[in-house]
Amino acid sequence: MSTEKSQESKRGVSQSPKYMLIFPLLVLVIYGVLFLLIPEQAMVALKNSGKVCLNILLPLALVFVVMLALNLFVKPAQIVHLLGSGANIKGILLSVAAGIISMGPIYIWYPLLKDLREKGAGNMPIAVFLYNRAVKPFLLPVMIVYFGWLYVGILTVLTVLASVVSGYFVAMLAKRKTG
Amino acid sequence: MKIAISTERADLASNVADRFGLSPYLLVVDTQTMDFKALANPRALSRPSAGVQAVVFAISEGVEVVLTGYCGPAAYDQLVSNGIKVITNVSGIAEEAIKKYKAGGFSQGLAVEEEKEQTTRYVNRGTLVRALRSSVRQFANILPIMIGVVLCIGLFNAFVSTEALASIFSGNVVGDTLWGACFGSILAGNPINSYVIGAALLNHGISLFAVTAFIITWVTVGLVQLPAEIASLGLRFALLRNALCLVLAVPVAILTVMLLNFIIG
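Top line first, the protein sequences correspond to chains A and B. By my numbering, the letter at position 13 of the first sequence is numbered -7, and the numbering carries on one by one without gaps. By my numbering, the letter at position 89 of the second sequence is numbered 101, and the numbering carries on one by one without gaps.
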């Protein structure tokens, strides 16, 4: 029986809107203080922020479109299904795919990964999955605007390859220490 | 055949729970032997993922039928798309409900299910609305922190001098890349913020090696989430994985930039 309760989400970072607002509010307070003390330099900082904001507006719109497509066609249950396919080549490729298309904060995935582990999924697919979360299809438009197609392409390919290397060594070292 | 039934307690004498995704327990019962497995649903702790976990549990256990009081549309879609029949409006003692199902006593529930299947158009429209809501929520989650980061970039550009950064990033490829990897490991959040910060660092003359390592470890190494990872996947796994990812970020970053420079010429 698997009757244990998952406590992980308690330890995760809170998703509450209150907590998410603390950081931007703090920055606004800093701006407020700076405007009182050194208004000219504070205005320069604000203008800088405005420029950054303008640069990412269009990519952000694309981010929303890709996000919507992923939400429409990819379900968490399918992703977890992909992850449970073992540590053979097919299983690793499916873990890569699962990591790339998975969305949302990582702490949402921990209870599911734990459940998978208890059902016999190995360390390698889980480590590969976690590494491939660095490849975010819905954020690629922003990354391309900043760093260019070529850089993003190379980094994406190397990230996928590195995920397999990381998965292999994690599985090997975890096994060695256990044994 | 395996049947999943939402219950109030982890035994067959329990009452059927009202809601599939939010029920305290989900029992998977073998109808031949009446042996069962129970999943404690983490509903009180993580509402958004509780339904998903129940669905995943049902699918991974090879369940063919779900008996419950009510099943939300998102969980319903996932169960049906995985070939699982969903029968709602079930109440009373779990064991009796299963016996009733075996005796063909849920014709009304099946009729409801068939009706739902016939109204696929409405389900699809519902899926679109849910996907839109989900996307808006995810987007709204990104925005506050992102606005804070953009405002910080403005401050950073206005107040931090290139000379100050040069005192940390000396120009040594390996050293700078390692520093970048360390900074990325400490910080966390949506990766989009790492791109914005990375671009600002580049503008201040920090090498692409360091920025690349920073972007890689922002996601792959998580010191902030480490306690949660340890709790879920174990101390050894979490420490090994994070340490390896930190070390691996250095060669991956160096290789990325070297390949880029090689291709550009």
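Note that these hints are calculated values from the structure, not bench results. Just so you know, these numbers come straight off a predicted model, no measurement behind them. Every residue, glycine too, gets a C-beta built ideally from N, C-alpha and C. Among the hints, a few may not be true.
Claimed, not checked - Covered stretches of chain A (in silico footprint by chain B; criterion: 3 or more residues with CB under 8 Å from a CB of chain B, positions within the stretch not fixed):
1) 22 to 36
2) 69 to 77
3) 135 to 149
Status of each hint after checking the structure:
no., hint, verdict
1, 22 to 36, "holds (count 11)"
2, 69 to 77, "violated (count 0)"
3, 135 to 149, "holds (count 7)"
Of the numbered hints listed earlier, the single one contradicted by the structure is hint 2.
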